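Numbering-wise (full-length UniProt numbering), the sequence shown opens with residue 1 and increments by one.
Hints in this document: simulated from the structure, not taken from any laboratory.
Just so it is clear, the structure is predicted and the values come from calculations on it, not from any experiment.
We treat Cβ as the ideally placed atom computed from N, Cα and C, and that holds for glycine.
Be aware that a few hints might be false.
[Said to hold, decoys possible] The following label-pair restraints were derived from C-beta to C-beta distances: (1) ASN169 - SER218: 30 to 38 Å; (2) ARG20 - ARG294: 42 to 50 Å; (3) VAL193 - VAL171: 20 to 28 Å; (4) GLN264 - ALA145: 48 to 56 Å; (5) GLU253 - GLU227: 21 to 29 Å; (6) SER218 - ASP17: 38 to 46 Å; (7) LYS258 - GLY148: 52 to 60 Å; (8) GLU219 - GLU253: 17 to 25 Å; (9) ARG294 - VAL14: 43 to 51 Å; (10) PRO260 - LYS284: 31 to 39 Å; (11) VAL14 - ASP267: 34 to 42 Å; (12) ARG92 - VAL270: 32 to 40 Å; (13) LYS284 - VAL171: 23 to 31 Å.
[As the list claims (entries may be wrong)] Cut-off 20 Å, straight-line C-alpha distance, at most; resulting in silico cross-link-like pairs (SDA-like, lysine to any residue): (14) LYS285 - VAL234; (15) LYS116 - LEU98; (16) LYS156 - ASP175; (17) LYS195 - ASN237; (18) LYS190 - ASN38; (19) LYS9 - LEU89; (20) LYS156 - TRP124; (21) LYS285 - GLU235; (22) LYS43 - LEU89; (23) LYS206 - GLN246; (24) LYS195 - SER39; (25) LYS156 - ASP134; (26) LYS292 - GLU235; (27) LYS9 - ARG125; (28) LYS9 - LYS116; (29) LYS195 - LEU226; (30) LYS223 - ASP175; (31) LYS285 - ILE251; (32) LYS258 - ILE269; (33) LYS9 - ASP119; (34) LYS9 - THR115; (35) LYS116 - GLY101; (36) LYS212 - VAL273; (37) LYS116 - ALA5; (38) LYS223 - GLU272; (39) LYS223 - ASP192.
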Amino acid sequence: MPGFALAEKFWTLVHVDYMRPIQALKYAVPDANIGDENSEIIKALSYPQLKPKVEWTADFVQHKGAGVAVLLYGPPGVGKTYTVELTALHTRRPMLSLTVGDLGTNEQSIEREITKWFDLAHRWRAVLLIDEADIFLERRSTDLARNGIVTAFLRKMEYFGGLLFLTTNRVEHIDEAFMSRVHVAIGFEKLDVAKRRDIWASFLDKLEREAKGQVRMSEEARKFVLEGDEMAEVEWNGREIRNGFQSAIAIAEYEASKDPDFKQEEDEIVVEVEHLRRVVLMSKKFRGHVEKARKDNESEWSDL
1 MPGFALAEKF WTLVHVDYMR PIQALKYAVP DANIGDENSE IIKALSYPQL KPKVEWTADF
61 VQHKGAGVAV LLYGPPGVGK TYTVELTALH TRRPMLSLTV GDLGTNEQSI EREITKWFDL
121 AHRWRAVLLI DEADIFLERR STDLARNGIV TAFLRKMEYF GGLLFLTTNR VEHIDEAFMS
181 RVHVAIGFEK LDVAKRRDIW ASFLDKLERE AKGQVRMSEE ARKFVLEGDE MAEVEWNGRE
241 IRNGFQSAIA IAEYEASKDP DFKQEEDEIV VEVEHLRRVV LMSKKFRGHV EKARKDNESE
301 WSDL
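Please construct the entire structure, taking both the sequences and the accompanying hints into account.
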């Protein structure tokens, strides 16, 4: 039967034998980086929107103001998208995630694309996420084309009847008209040491749960990321922690494969402290090059 692949965003034929209802979480997942109070607010806003029928709206105009819009703002990799994913998991709803690439930036076509995706999300009672929505939220100026994009988005957003999340890294540039259309705005802070260790712990638990007998972290490596001062000074965001974790595993796998006695189907791959240190060193070198390039660029502009 016809089905829609949410991750790839295309229609296809699916085998009914492989279709399953959305399941409840079978294991604990780390909390979002927003605190208990904000988490409860999101749950409260989500609940009435995900019932079969919305019984009441505060707006006097029919079909207007029936939805809920939540703005999540803060630096990259601190849990904005993850918060929306958790909301979808806890409510057992599909999550439709869109970017500027899905909606386009052409003033003539953007309203049509927004209408299409908003209608699908409302029909499926999906949690709708527009990730890095800065271009649709930016303060209007003398650029008529950009103004048209913002205006079209604001108009469609006001008549959307579902649960909408938007994320941004540039809250200081948001158009004033957008603020009156947001039900709640939740800020995300930079990850502290405790939160970074929580994220590391969640990845270690996932590895233990899903790759037991195939890949594991040595006890020294676990202490290195969960207790050590050296790793505490590495101010990675959540996305960088994930990438660093995957890179360390990849290095360990590659080194194991070079051993002529290694049997992939039988032997366990062990991630050691040295594998993690190599990834950290590469990250520090890259950050150093980026910072130097920025300073050189600023110096060139100041000389003009």
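Identify every previously stated hint that the structure contradicts and give their numbers, smallest first. 30
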